[in-house]
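Trainee: Kindly produce the complete structure, drawing on both the sequences and the hints.
Numbering-wise (numbering that gives the first Met the number 0), the sequence shown opens with residue 0 and increments by one.
Be a bit skeptical, because a hint or two may be false.
Unchecked claim - Restricting the straight-line Cα-Cα distance to at most 27 Å, the calculated cross-link-like pairs of lysine-lysine (DSS-like) are: (1) K220 with K189; (2) K104 with K9; (3) K40 with K58; (4) K227 with K40; (5) K58 with K104; (6) K40 with K50; (7) K9 with K97; (8) K189 with K227; (9) K210 with K50; (10) K220 with K210; (11) K210 with K227; (12) K58 with K9; (13) K97 with K1; (14) K187 with K220; (15) K227 with K187; (16) K187 with K210.
Unchecked claim - Derived DEER-like restraints, expressed as beta-carbon distance ranges: (17) N164 with P66: 24 to 32 Å; (18) L16 with T44: 29 to 37 Å; (19) S230 with K50: 18 to 26 Å; (20) L119 with L20: 15 to 23 Å; (21) I45 with L86: 48 to 56 Å; (22) L119 with L46: 22 to 30 Å; (23) K50 with S218: 26 to 34 Å; (24) Y127 with Q166: 24 to 32 Å; (25) N180 with T228: 18 to 26 Å; (26) S230 with K97: 57 to 65 Å; (27) S42 with K189: 31 to 39 Å; (28) N180 with D62: 35 to 43 Å; (29) S224 with L35: 30 to 38 Å; (30) R222 with K50: 40 to 48 Å.
Simulated from the structure, these hints should not be mistaken for laboratory data.
In this text, a Cβ means the ideal position worked out from N, Cα and C, and glycines have one as well.
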Amino acid sequence: MKIRDRYIAKTLLTYTLVVLLVWLSIYSFFNFLAELNSVGKESYTILEAFKYVVLQAPKVAYDQASPIILLGCVLGMGHLATTGQLLIFRIAGFSILKITWVTVKNAIVFILTLIIFGELLAPTLANYSESARSNALGNKSLSLSQNGFWIRDGNNFINVENNINGQLFNDITVIEINSSNEIERLIKSKNALFDGNSLDMSNNEIFTINKLGNFDNISLKERNSYNKTVSFDRE
Numbered sequence: 000m001k002i003r004d005r006y007i008a009k010t011l012l013t014y015t016l017v018v019l020l021v022w023l024s025i026y027s028f029f030n031f032l033a034e035l036n037s038v039g040k041e042s043y044t045i046l047e048a049f050k051y052v053v054l055q056a057p058k059v060a061y062d063q064a065s066p067i068i069l070l071g072c073v074l075g076m077g078h079l080a081t082t083g084q085l086l087i088f089r090i091a092g093f094s095i096l097k098i099t100w101v102t103v104k105n106a107i108v109f110i111l112t113l114i115i116f117g118e119l120l121a122p123t124l125a126n127y128s129e130s131a132r133s134n135a136l137g138n139k140s141l142s143l144s145q146n147g148f149w150i151r152d153g154n155n156f157i158n159v160e161n162n163i164n165g166q167l168f169n170d171i172t173v174i175e176i177n178s179s180n181e182i183e184r185l186i187k188s189k190n191a192l193f194d195g196n197s198l199d200m201s202n203n204e205i206f207t208i209n210k211l212g213n214f215d216n217i218s219l220k221e222r223n224s225y226n227k228t229v230s231f232d233r234e
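Mentor: Have a look at this one:
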């Protein structure tokens, strides 16, 4: 790479990194303010909120890579233009097509770097931060897949076989545990609508377990609708 190519690449990289830093700072600030609403619940502290925001930053950088790189390159080329450096390059025989190619080439390198970084590191950090946040808030996710999940919600264990869109669930099982760590009630539902605070379940089978001496009496009730208040959020 020629000296002038390296100089343009350095300028574009510098402005792209500045844009990235400003972008992440603004995101982190507002995200941290949002997380303050959850501070104080269970064992979720300011330190946990700060750690969550920081570990989410690589995912944000990956998701917003295109506008960040575009803005960084525009500002970098704008700096070269306003300071007269592009004019010097033109006088030295550097054509507009060549300058454009150098800019595009560096943008592609930046994009590939962020893609590699985003595919390898960002998902791991994001999943870890979500898991740590859930545990600190008392919502312990036992397993998670693209289609469904197990989650502990206080004294309840909730299994969703099919998570449609984070709001509509199919085939839900809710296991309610009493203070003696014994199963008190089991609710099976065909589908449920989650509004962020409760599960509005329909087509339910409710199995209630009552202890009678050394025996357990299990009764079954069928209900068209059943509303279950939960403490986990849509995230």
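Trainee: Next step is simple, just say for each hint if it's right about the structure.
Mentor: Okay, the hints, checked on the actual structure:
1. K220 with K189: Holds, at roughly 15 Å.
2. K104 with K9: holds (13 Å)
3. K40 with K58: holds (25 Å)
4. K227 with K40: holds (20 Å)
5. K58 with K104: Roughly 24 Å separates the two Cα atoms, so the pair holds.
6. K40 with K50: holds (16 Å)
7. K9 with K97: Holds. K9 to K97 sits at ~16 Å (cutoff 27 Å).
8. K189 with K227: holds (14 Å)
9. K210 with K50: violated (45 Å)
10. K220 with K210: Answer holds: K220 to K210 is near 17 Å, not above 27 Å.
11. K210 with K227: Roughly 23 Å between the alpha carbons, so the hint for K210 and K227 holds.
12. K58 with K9: holds (25 Å)
13. K97 with K1: Answer holds: K97 to K1 is near 12 Å, not above 27 Å.
14. K187 with K220: holds (11 Å)
15. K227 with K187: holds (12 Å)
16. K187 with K210: Holds. K187 to K210 sits at ~21 Å (cutoff 27 Å).
17. N164 with P66: 24 to 32 Å: holds (26 Å)
18. L16 with T44: 29 to 37 Å: holds (31 Å)
19. S230 with K50: 18 to 26 Å: Given about 21 Å between the Cβ atoms, the range holds.
20. L119 with L20: 15 to 23 Å: holds (21 Å)
21. I45 with L86: 48 to 56 Å: Given a distance of about 52 Å, which is inside 48 to 56 Å, the answer is holds.
22. L119 with L46: 22 to 30 Å: holds (27 Å)
23. K50 with S218: 26 to 34 Å: This hint is violated: roughly 46 Å between Cβ atoms.
24. Y127 with Q166: 24 to 32 Å: holds (25 Å)
25. N180 with T228: 18 to 26 Å: holds (21 Å)
26. S230 with K97: 57 to 65 Å: holds (60 Å)
27. S42 with K189: 31 to 39 Å: holds (35 Å)
28. N180 with D62: 35 to 43 Å: holds (41 Å)
29. S224 with L35: 30 to 38 Å: holds (36 Å)
30. R222 with K50: 40 to 48 Å: holds (42 Å)
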